[in-house]
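**Student:** For reference, the chains in residue letters:
2 protein chains.
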Amino acid sequence: MHFGDRLAAAVAARESQIVLGLDPDPQKLWPEAVAAATGDTPVARAASAVAAHCVAAIDAAGPACVAIKPQHACFERLGADGQVALRRTVEHAQAAGLIVLSDAKRGDIDVSAKAYAQALLGATPTPFGDVEGLGADAITANPYLGADTLAPLIAIARERGRGVIVLVRTSNPGAAELQDQRLETGETVWERVAGIVALLGAESLGPDSGLADVGAVTGATVPEHLVRLRELMPHTPFLLPGVGAQGGRVEDLAPAFAPGRAAGLVTASRGIVNAYDQAGGTPAAAARAEAERLRALAWSLGG
Amino acid sequence: MHFGDRLAAAVAARESQIVLGLDPDPQKLWPEAVAAATGDTPVARAASAVAAHCVAAIDAAGPACVAIKPQHACFERLGADGQVALRRTVEHAQAAGLIVLSDAKRGDIDVSAKAYAQALLGATPTPFGDVEGLGADAITANPYLGADTLAPLIAIARERGRGVIVLVRTSNPGAAELQDQRLETGETVWERVAGIVALLGAESLGPDSGLADVGAVTGATVPEHLVRLRELMPHTPFLLPGVGAQGGRVEDLAPAFAPGRAAGLVTASRGIVNAYDQAGGTPAAAARAEAERLRALAWSLGG
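Chains as they are written, first to last, in my numbering: chain A, 9 to 311; chain B, 9 to 311.
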């Protein structure tokens with residue numbers, strides 16, 4: 009099944025466009041997860057606590073969400089044990105019916121891009137048998153190296169009904185420094201990248217949804233660009249980070265939803281997982297309430 | 009000790025500017041490494057073979073090199089076992105006196121960039137004790153998200169005498185698509201990035217070498233840009249991929265070496281490790297001979 013159609017079906021079935029960002033910091037885990045840590049070494053204990061934290065957050069907030077977005081950096085810092093925790097998180101989310109958008113932001117030359125695709129979306133042939141990768145439903149990717157480095161990611165994703173979500177205009181303050189530069193053609197760098205993303209996605213639209221399997225990261229912190237981004241990428245699912253801790257507001261995101269609700273996925277990480285800092289109560293109850301608040305708010309904007 | 013000074017001292021001591029790229033493909037490992045595989049599962053066997061392959065390549069070609077450049081994608085596709093293989097490769101190289109340039113091409117918003125820095129260059133505080141990262145001497149990084157996302161990598165690298173090597177003009181054909189675009193200011197995108205890299209590096213030059221701890225990836229496939237790149241980044245170590253399989257020639261790289269030999273590191277991966285395909289003989293002997301040929305050729309260009 010085409011990734012765009014899978015996404016649209018999941019959004020409709022769950023009545024949610026919310027993506028639960030999982031950026032586990034071992035110093036800021038839910039207390040129940042720290043208490044449940046097992047293992048003989050600091051890294052094993054930390055990784056088991058991280059996995060327990062992610063599982064608990066999925067159990068709490070997942071019912072109000074359509075997907076999770078694990079931040080690879082947070083798992084990589086725990087080495088091999090962190091990879092086990094990441095895989096457990098992915099499997100738990102998928103078992104709960106959630107789509108997994110792996111936030112890896114990979115980008116490399118063709119042969120290495122193919123290896124990343126095998127690692128995250130596909131499988132690797134070896135003399136000892138095929139080795140299955142992480143099994144993410146989609147990954148984020150960086151366009152700086154050019155479309156020839158995105159193509160191997162997209163090829164393997166497409167074969168398996170999975171997706172690739174390309175950074176177009178990110179949510180951080182420094183994004184302006186390069187992405188907002190104006191080219192001599194009059195376009196900004198992000199407009200040029202948006203054009204590349206639209207072309208790559210137009211090769212294969214979901215027959216039911218009309219959505220592409222190549223998405224775009226478009227920061228929720230710059231809603232003033234959303235109309236133009238949507239114009240340049242009419243069939244592209246947008247992943248909208250930056251709500252909450254980074255200052256973005258769901259209310260400002262309606263242009264992203266124009267082709268349908270599944271075309272605008274709103275991601276919140278610390279805003280959901282650390283909601284108990286503000287709201288009080290248990291971490292799980294606060295996370296569930298905040299995810300549900302965001303879900304209802306985004307859904308109310310229509311599509 | 010400052011990374012620029014470490015690099016210069018290692019290049020002088022080893023009389024080499026050659027970086028051994030390690031991009032292990034499980035289907036194209038040295039036969040001795042496949043024969044030595046151990047483990048109960050396909051992934052464990054593949055990862056043990058990958059580690060044996062990398063160790064053998066380091067033993068063979070390492071004496072003619074100053075550094076290794078492991079390609080993270082190739083290890084990531086073997087999951088947790090791949091991380092064990094990567095760590096064994098890093099430790100073996102460092103024990104042999106080689107610098108480790110981790111080719112991870114990471115780039116993410118500030119809090120995630122810090123997590124990548126902890127993973128690859130630093131350590132992660134946890135309630136169970138600090139968890140040491142991979143211990144690379146430098147990592148490659150992607151500038152698309154802007155300087156505020158490079159800063160956390162550089163901060164942690166600098167604290168520990170390590171480095172960050174930023175993609176400026178890459179070696180792949182599609183690099184032209186975005187990096188060669190001309191801005192309305194008249195600069196190309198890569199010139200703009202080069203300016204950012206030069207500024208970030210100028211904050212801290214090695215007292216002995218005058219080299220920065222922020223390097224640049226500048227493809228050996230576009231030697232016509234090297235004079236301009238050097239002008240924009242006078243103190244920046246250049247990592248020059250693309251020699252061999254991608255068509256770059258060592259003879260064309262002299263402008264990179266202008267501030268001193270350590271300012272131009274020539275990386276070759278398949279050209280060294282698969283030299284036996286062309287040259288015959290054992291993989292080890294062919295790799296050693298090719299690395300030594302490249303070493304002597306680059307060294308003869310002066311600095």
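Honestly, I wouldn't trust all of these hints.
[Unchecked claim] Pairs of lysine to any residue residues, derived as SDA-like cross-links and limited to a Cα-Cα distance of at most 25 Å, are as follows:
| no. | chain 1 | residue 1 | chain 2 | residue 2 |
| --- | --- | --- | --- | --- |
| 1 | B | 36 | B | 268 |
| 2 | A | 36 | B | 119 |
| 3 | B | 36 | A | 118 |
| 4 | A | 36 | B | 140 |
| 5 | B | 36 | B | 204 |
| 6 | A | 36 | B | 278 |
[Unchecked claim] Which residues of chain A face chain B? A partial, calculated answer using Cβ under 10 Å:
| no. | residue |
| --- | --- |
| 7 | 22 |
| 8 | 44 |
| 9 | 82 |
| 10 | 88 |
| 11 | 111 |
| 12 | 121 |
| 13 | 192 |
| 14 | 278 |
| 15 | 304 |
Quick caveat, the hints were computed from the structure, so don't treat them as lab data. It should be emphasised that the depicted structure is a prediction, and the values quoted were computed from it without experimental measurement. Think of the CB as a built atom: it goes at the ideal place given N, C-alpha and C, for glycine as much as any other residue.
**Student:** Tell me the numbers of any earlier hints that the structure contravenes, in ascending order.
**Tutor:** 1, 5, 6, 7, 8 and 15
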